[in-house]
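Peer 1: Residue strings, one per chain:
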Amino acid sequence: MTDFAELTTSPIDIGSVARRVIPPDCGATVTLDGYARGFTKSKDGSVRETQYLVYEAYEPMAIKEMQKLIDAAKDKFEISNVGIVHRTGRLEIGETSVVISVAAPHRKAAFEACEWLIKELKRTAPIWKKEVFAGGEEWVEGESLPSE
Amino acid sequence: MTDFAELTTSPIDIGSVARRVIPPDCGATVTLDGYARGFTKSKDGSVRETQYLVYEAYEPMAIKEMQKLIDAAKDKFEISNVGIVHRTGRLEIGETSVVISVAAPHRKAAFEACEWLIKELKRTAPIWKKEVFAGGEEWVEGESLPSE
Amino acid sequence: MKIQVLFFGATADATGERAKRIDVLAGANAATLVDVIASDHPALRRHKLLFAVNQQYVSANTTLNDGDELAIFTAVSGG
Amino acid sequence: MKIQVLFFGATADATGERAKRIDVLAGANAATLVDVIASDHPALRRHKLLFAVNQQYVSANTTLNDGDELAIFTAVSGG
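Protein chains in written order, with the working numbering: chain E, 1 to 148; chain B, 1001 to 1148; chain H, 2001 to 2079; chain V, 3001 to 3079.
Hints are computed from structural coordinates only; laboratory data are not their basis. Keep in mind it's a predicted model, so treat the numbers as computed, not measured. Certain hints may be false.
Here are the simulated SDA-like pairs of lysine to any residue, each with C-alpha atoms no more than 25 Å apart in a straight line [claimed, not checked]:
#1 B:Lys1074 with E:Glu112
#2 E:Lys108 with B:Glu1143
#3 E:Lys122 with V:Lys3002
#4 E:Lys130 with B:Lys1108
#5 B:Lys1041 with E:Gly38
#6 B:Lys1108 with E:Arg19
#7 E:Lys119 with E:Ala134
#8 B:Lys1074 with E:Gly89
#9 E:Lys74 with E:Asp3
#10 E:Lys122 with B:Arg1019
#11 H:Lys2020 with H:Gln2055
#12 H:Lys2020 with H:Leu2049
Generate the whole structure from the sequences, applying the supplied hints.
Peer 2: Rendered as structure tokens:
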């Protein structure tokens, strides 16, 4: 019944994240489930097959940044509860990397807040993704900077 | 890996619905989880406590209408897969009544399609909700008509 | 001609039935059937009604055919 | 003054370290520390760098204080 921002090295169960944010006065939860893609586009436009991913976090700061996002979302949108769980360590293709669940009395606010939260999380949470492919690996560098 | 539209009298596991729509080329799934509210507002504006809900469906037509919505959503938005599961029968407060999961290469389309699908499902799928409260029960009549 | 009429939720409560086979003259539409049924079950008229024939939404004045399945129900409230 | 410097992902690979205590003169900022570290690990300069002091984003020219924790990393890519 409270908000939460967590990192975990274990597989994430989407349903249990969604369940934890549900207060009895709400009608809807919107959940974003991001996961490891099997194919990624390189900077030169070619598509390559990813074997697995590794996520690394600056853990205490990542938790703080996620908590800040939750506070900001609750100011900005009419929502009741937010839960964010981001996985770290090695992820196989298809495994969930991040789940964001937003409960709200009206679903429109839940959709808007969830979309805003994932956009901001990708911009500000100090977490990095390494793609491991046949013959190499590469830390992905984000496109936008937190101050932008 | 295919779309699905189902009715069930058993509890719905959100995570397993979301998992079923994930193709390997997608990066995000957006899931709407609607559930039985504990309090509802009557037409006169007063709030009353609901004890439980009963959902009834015109089953073959409900499945057809949900499948039509999936087809329309896939025409309208750049999405890969859609899963819809609606529960029928008696639901306790807090239990999930409907789950809609949309997988897409880009999350924006998944958010838009999921929001559109729940709005349309509430308008067109032949399913009715009965609220049972202390001293009575009432079939809820929708606000808008499918032809509107 | 014979029409298989189905009721759900509020219309099932209003008529006390979930399904009923009704004989009507050729040319009948959903509105005709409501008139027939409401003569026994006037409570049906308290609701704004929607119609589906063979699991497709239709308007009240769509002509029915022998063997059609006509569902009579109120505005939907799933989700 | 002593600064605890942390590296993650690409910057950990570039420096071959995850954490390093560095002694610098008062008045140093993140840019100063990058100069010190890049003299041993020039690969660090191949990246556009971001900085956090005591787990808050700061710009490269923010003056550091004794005992600060300075994280040096590339644009984030979680989610």
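Peer 1: For every hint, state whether the structure bears it out.
Peer 2: Checked hints:
1. The suggested pairing of Lys1074 (chain B) with Glu112 (chain E) holds, with an alpha-carbon distance near 21 Å, which does not exceed 25 Å.
2. Taken as a hint, the Lys108 (chain E) and Glu1143 (chain B) pair is honoured in the structure, with Cα atoms around 17 Å apart against an allowance of 25 Å.
3. Straight-line distance between C-alpha atoms of Lys122 (chain E) and Lys3002 (chain V) comes to about 32 Å, which puts the hinted pair past the 25 Å bound.
4. With a C-alpha separation of about 24 Å, the suggested pair Lys130 (chain E) and Lys1108 (chain B) falls inside the 25 Å cut-off, and the hint holds.
5. As the CA atoms of Lys1041 (chain B) and Gly38 (chain E) are separated by approximately 47 Å, the hinted pair breaks the 25 Å bound.
6. Restraint check for Lys1108 (chain B) and Arg19 (chain E): the C-alpha separation of about 23 Å stays at or below 25 Å, so the hint holds.
7. For the hint pairing Lys119 (chain E) with Ala134 (chain E), the CA-to-CA distance comes to about 30 Å; that exceeds 25 Å, so the pair is violated.
8. About 34 Å separates the Cα atoms of Lys1074 (chain B) and Gly89 (chain E), which puts this hinted pair outside 25 Å; it is violated.
9. With a C-alpha separation of about 10 Å, the suggested pair Lys74 (chain E) and Asp3 (chain E) falls inside the 25 Å cut-off, and the hint holds.
10. Straight-line distance between C-alpha atoms of Lys122 (chain E) and Arg1019 (chain B) comes to about 22 Å, which keeps the hinted pair within the 25 Å bound.
11. With a C-alpha separation of about 16 Å, the suggested pairing of Lys2020 (chain H) with Gln2055 (chain H) holds against the 25 Å cut-off.
12. The straight-line distance between the Cα atoms of Lys2020 (chain H) and Leu2049 (chain H) is roughly 17 Å, inside the 25 Å bound, and the hint therefore holds.
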